[in-house]
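J.: Here the structure of chain A is known, so what remains is to put chain B in place on it, guided by the hints.
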Amino acid sequence: MREIIKDKQVVQDDWSVLRLQEGETAGGVAIPAGKVIVPLTVWQVQRAQLLARGDVGVWLASDERPEALKDDVGALPVIAVDFPKFADGRGYSIAYNLRARLGFTGELRAIGDVLRDQLFYMQRVGFNAFATRPDRNIYDALKGLTDFSEAYQISWDQKSPLFRRVHRGTAALNG
Amino acid sequence: MYRYDQYDHQIVKERVAQYADQVRRRLSDELTEDEFRPLRLQNGLYLQRHAYMLRVAIPYGLLSSKQVRNLAHVARRYDRGYGHFTTRQNIQFNWINLEDTPQILSELAAVEMHAIQTSGNCIRNITSDEFAGVAADEIIDPRPYAEILRQWSTFHPEFAYLPRKFKIAINGAVEDRAAIQMHDIGLNIVRNEQGETGFTVLVGGGLGRTPIIGSEIKSFVPWQHIMTYIEAIMRVYNQYGRRDNMYKARIKILVKAIGIEEFARQVEAEWADIKDGPGTLTEEELQRVSAYFAPPAYETLSAHDLAFEEHKADNKAFANWIKRNVKPHKVAGYASVVLSLKKTGVPPGDATARQIDFVADIADRYSFGEVRVTHEQNLVLADVKISALFDLWQEVKAEGLATPNIGLLTDIICCPGGDFCALANAKSIPIAEAIAERFDNLDFQHDIGELDLNISGCINACGHHHIGHIGVLGVDKDGSEWYQVTIGGTQGNDAAIGKIIGPSFAATQMPEVIARLLHVYVRDRVEDERFVDTLQRLGIVPFKEHVYATPIETGLPVGEDTYA
Numbered sequence: 020m021r022e023i024i025k026d027k028q029v030v031q032d033d034w035s036v037l038r039l040q041e042g043e044t045a046g047g048v049a050i051p052a053g054k055v056i057v058p059l060t061v062w063q064v065q066r067a068q069l070l071a072r073g074d075v076g077v078w079l080a081s082d083e084r085p086e087a088l089k090d091d092v093g094a095l096p097v098i099a100v101d102f103p104k105f106a107d108g109r110g111y112s113i114a115y116n117l118r119a120r121l122g123f124t125g126e127l128r129a130i131g132d133v134l135r136d137q138l139f140y141m142q143r144v145g146f147n148a149f150a151t152r153p154d155r156n157i158y159d160a161l162k163g164l165t166d167f168s169e170a171y172q173i174s175w176d177q178k179s180p181l182f183r184r185v186h187r188g189t190a191a192l193n194g
Numbered sequence: 041m042y043r044y045d046q047y048d049h050q051i052v053k054e055r056v057a058q059y060a061d062q063v064r065r066r067l068s069d070e071l072t073e074d075e076f077r078p079l080r081l082q083n084g085l086y087l088q089r090h091a092y093m094l095r096v097a098i099p100y101g102l103l104s105s106k107q108v109r110n111l112a113h114v115a116r117r118y119d120r121g122y123g124h125f126t127t128r129q130n131i132q133f134n135w136i137n138l139e140d141t142p143q144i145l146s147e148l149a150a151v152e153m154h155a156i157q158t159s160g161n162c163i164r165n166i167t168s169d170e171f172a173g174v175a176a177d178e179i180i181d182p183r184p185y186a187e188i189l190r191q192w193s194t195f196h197p198e199f200a201y202l203p204r205k206f207k208i209a210i211n212g213a214v215e216d217r218a219a220i221q222m223h224d225i226g227l228n229i230v231r232n233e234q235g236e237t238g239f240t241v242l243v244g245g246g247l248g249r250t251p252i253i254g255s256e257i258k259s260f261v262p263w264q265h266i267m268t269y270i271e272a273i274m275r276v277y278n279q280y281g282r283r284d285n286m287y288k289a290r291i292k293i294l295v296k297a298i299g300i301e302e303f304a305r306q307v308e309a310e311w312a313d314i315k316d317g318p319g320t321l322t323e324e325e326l327q328r329v330s331a332y333f334a335p336p337a338y339e340t341l342s343a344h345d346l347a348f349e350e351h352k353a354d355n356k357a358f359a360n361w362i363k364r365n366v367k368p369h370k371v372a373g374y375a376s377v378v379l380s381l382k383k384t385g386v387p388p389g390d391a392t393a394r395q396i397d398f399v400a401d402i403a404d405r406y407s408f409g410e411v412r413v414t415h416e417q418n419l420v421l422a423d424v425k426i427s428a429l430f431d432l433w434q435e436v437k438a439e440g441l442a443t444p445n446i447g448l449l450t451d452i453i454c455c456p457g458g459d460f461c462a463l464a465n466a467k468s469i470p471i472a473e474a475i476a477e478r479f480d481n482l483d484f485q486h487d488i489g490e491l492d493l494n495i496s497g498c499i500n501a502c503g504h505h506h507i508g509h510i511g512v513l514g515v516d517k518d519g520s521e522w523y524q525v526t527i528g529g530t531q532g533n534d535a536a537i538g539k540i541i542g543p544s545f546a547a548t549q550m551p552e553v554i555a556r557l558l559h560v561y562v563r564d565r566v567e568d569e570r571f572v573d574t575l576q577r578l579g580i581v582p583f584k585e586h587v588y589a590t591p592i593e594t595g596l597p598v599g600e601d602t603y604a
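Sequence order for the protein chains is A and B. If you count by the working numbering, then the first sequence holds residues 20 to 194, one letter each, in order. If you count by the working numbering, then the second sequence holds residues 41 to 604, one letter each, in order.
Just so you know, these hints were derived from the structure itself, not from any lab. Worth double-checking, as some hints may not be accurate.
Cross-link-like lysine-lysine pairs, in silico, DSS-like; alpha carbons within 25 angstroms at most [stated by the list, open to error]:
id	chain 1	residue 1	chain 2	residue 2
1	B	Lys205	B	Lys258
2	A	Lys89	B	Lys315
3	A	Lys104	B	Lys205
4	B	Lys315	A	Lys178
5	A	Lys162	A	Lys25
6	B	Lys288	A	Lys104
7	A	Lys27	B	Lys53
Just chain B, same shape as in the assembly:
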């Protein structure tokens, strides 16, 4: 993975000093809270309901075991002993004191980490495929480009005060695991007919209040020109994106308002000035950064391991885990392992300091000392020998990280919601927990099969509810918390926005709503259709009719009708 050189160290160190001085000035009232807010946000520090939350950047989700241990240390020393992994492959600490933040950032800098641009109206952490470099369907490893763009976007002087936040994702595989169609800029690495590498560029995708799939702005930008092309997009957006209404300030609204053709024309005009200029990426720089992502020292192994096959045949629990949590690897004899942070009873994405330390330890012993964070809020050991899977499973199971539910109903994507977040309209974690408890039976979950259930506590859609096969959105009605349900959303190559099924529900009704949706699926599915396949074949009507056919007990004195 990428390592800091003297320049990276120097820049991050100077940032810590700058930020420490900003905190000092805030505490001595030389800065007002209004002035300090955008400064701390650009350093990942939010004021939440109970305390400050610090969001630490995990560039494209990649961590060394040393960094992981440092995160455990931060959780233990400065938080309440746990951290929360996010849908943008970062980690958040929810109980932070402002006075401690300079010291935390200084300790993170020592292990080549920072919180730069993890919030605020700037270019955020660039996300990518958690299986980059190991996926069997990879065309080109996106990580060197992600790192090059990370450096380019870090402290870009012109784009620190954009109309709104700006998110870039890169995919380099056949299957898009980075949700590029849902980003302000989505990059798909491709080869053209001449065999040259370049990017198909999408712009104006996003979730939030106005969910929109990104539009293709250019089918092929040669790799050398990707930075100047993105610079041109940013320059158009910075000047013309709306600033009068924060809900209409994302680039998607600008692209929609003037149309993709006109937007593309303006970008071309800006690009003409800078294309082929000094900002053009060089072969030497690409080689330099790529060297950090060279494959680790894989052993030459057989694709089959007899003992492994025997364990799988003898042990149903192990076989279930293999089926759901272990993914194919491009090198024979290796596999990628997903560690589930979705155990029933634990908020999705949360891990304790002990678990985080444990993950660092097994990364060292089983997977070349590297860990990845997924946008589904799980962790990955990317390079595990198949012959070691049984031993690893036993260890992981003992630490509560082996729930065999990856891609299943209880692998719920969920934002922190109203329990923590000041923006939320409603709680989201208790909904996830109630659903997980109701469907805790693993045989039932495996029978239901692949199902993306996403929960957001407000319209900002941190839980990506629009692209869940089942999406749940917390809404506020006259001061009470209600939940709106969408179905039919999908992520990946055929990304789609889910459709609302009808009036919203009380929290206590939600497990039964899910049960009724699943009932229609089980009743009407043919052969090995997934939930979303049945839904696409039948449309939403039978699901909707069944959910609303009879009243659902609320356990509350007031029903939905009162508020309808």
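The shape of chain A in the complex, shown without the other chains:
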């Protein structure tokens, strides 16, 4: 079992992530027993039997659409979004739309090239779980969640912009 960050803590994690190997197909691949997060394509082909299991989650690649899961957001315990490299920022908008537009309330997990310096932004757009890269210290990564104590703009975590939340005034005019 490996460790992930979930709800701002390091926890043991018993989900495995299934990635299709060369030669495997979405319809033919065997799904292991136990909690498993499968690729969207596998989910789409084997949906009926996987839905019945109840211990299957789905991960989206950065070029896949959150709307593909619009009928499943109520049933899935976990949705993961893959970051093939940390500079690929599509996952941030995918996460935001899964939460804000599709109303997903389960665990939203960042997987792939996930490092400390992305975590603050990731939690803002709706991720609450982070499978950080295993070659890095996860307790060090945890610090990334608290880099900032304030934010100007709205996102999933903060529904009200700074200018609506606090009285900023113009005291600095005389400063």
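T.: Using the frame of chain A, we list chain B on its own:
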């Protein structure tokens, strides 16, 4: 101008701490260079040919004298005694040690400055009109909106890893001095028939490898909705902009590929979810930010000053400076002064620490302690009394900042080029210097009149060569530096992309190429046509024919034909 409150201070302070820790982790190899690169870029730190370059943000080009002094301090203490003002109204220091950067940013934070998002694939510094608030043709002051958008875009969690960099410009005047048609998003503040304020939104403009004029995506977005509308554009771009090829990753390529109508449809679909939501701007917030841009305490003055008129009549050099470097002001008895950073022999946009300190000093004494940076890489004192212009001129002249060449041939816009920049294909500063030397005669320059000459050392077009009346682009051919010339580009309301005149030239040929282009103008101009007017009337053919009519001495053993 805007001042930080406790929240702004806190956010910038936390950024400095975050960045300092990133540098520490890089130096101890906890971060690889590949991992550190996007982090330092989002903090304005580039690795160049010889050293690190730090680009400090100057939001919409506005500085207090206190901030200006701090920039002089950074130049003196951490650089080699000078700074370079850029075409995006920022300042760059070219000789920075990585180890010093946390301390520099900490010192900048103390005067309400930072380097946040001055590079990297994120929303960059928002630029605007250098005459905002003082221009006679202003409809609405763009600065409060620029500041509100600065705050909105700062550390926006969803848009920090875009397909490519993203630039927004705002104009609020009749004449567009912010080049909004050349930006990823261009905003024009307008009033509709009901007298309500809003924005005409352009999208997908830009220079670089594929120069494109922005397309209008929406003719009127009410001011309350501008942030959510931009958010919708960003969300579409972040998901669908190309990421497979960095040269095709800007929003202009996406807009071109799917068409402006389809792009607008997708934006509307995203906007429908968030329009009227909590991200909507409030009257209270607009008022709060606008209060920082209230006019300074102008005196009631006569529009005419007798002593000033006498000096102008008696002193030709002063009159030339007034003609080129002093701009009208909306308040009687005041004028705006452009300090030229284009003295022949000095790289365009460069200023020494001594000059920067001097500018802070005269800003305090002549212009309410404020300085602006122009996208033409000059500085502006926006609020000078006409009665003080003669004294100011004498002081400015003594510091080498009074070259009366604003808008003329030697007011060259130029990127740092191959002398500094690792991206450049060719040097650009020596070309600017050779041209400036050849045409140093001020009478000749004044006779030629308005002419935008822009030089970029590579296709990234930091020197905005596509929109120069004459544009010069450095290109690499088999390892040598060559220069491609375009003519007929324009900025402003009638922005246009210049056309290439033919095969490229060696560096040593460039002054003569310019001379031949000007020769056609002088020969064929009618009445008081500007260079670009004659060019538009005649087309590029007579210019092209004259330039290539006879060979131009290169002084080099190998000619263009070898490489053609």
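J.: Does the alpha-carbon distance linking Lys288(B) and Lys104(A) stay inside the 25 angstroms limit?
T.: holds (19 angstroms)
J.: Going straight from one Cα to the other, do Lys315(B) and Lys178(A) come out at no more than 25 angstroms?
T.: holds (13 angstroms)
J.: Going straight from one Cα to the other, do Lys104(A) and Lys205(B) come out at no more than 25 angstroms?
T.: Status holds; Cα separation ~17 angstroms.
J.: Given the hint that Lys162(A) pairs with Lys25(A), test it: the Cα-Cα distance must not exceed 25 angstroms.
T.: At roughly 13 angstroms apart (the allowed maximum being 25 angstroms), Lys25(A) and Lys162(A) satisfy the hint.
J.: For a C-alpha distance cap of 25 angstroms, please report whether Lys27(A) and Lys53(B) respect it.
T.: holds (23 angstroms)
J.: Do the alpha carbons of Lys205(B) and Lys258(B) lie within 25 angstroms of each other, as the hint requires?
T.: holds (22 angstroms)
J.: Keeping to a limit of 25 angstroms between CA atoms, is the pair of Lys89(A) and Lys315(B) held or broken?
T.: Given that 25 angstroms is the threshold and the Cα spacing comes to 22 angstroms, the pair holds.
The structure is consistent with each of the numbered hints, conforming to all of them.
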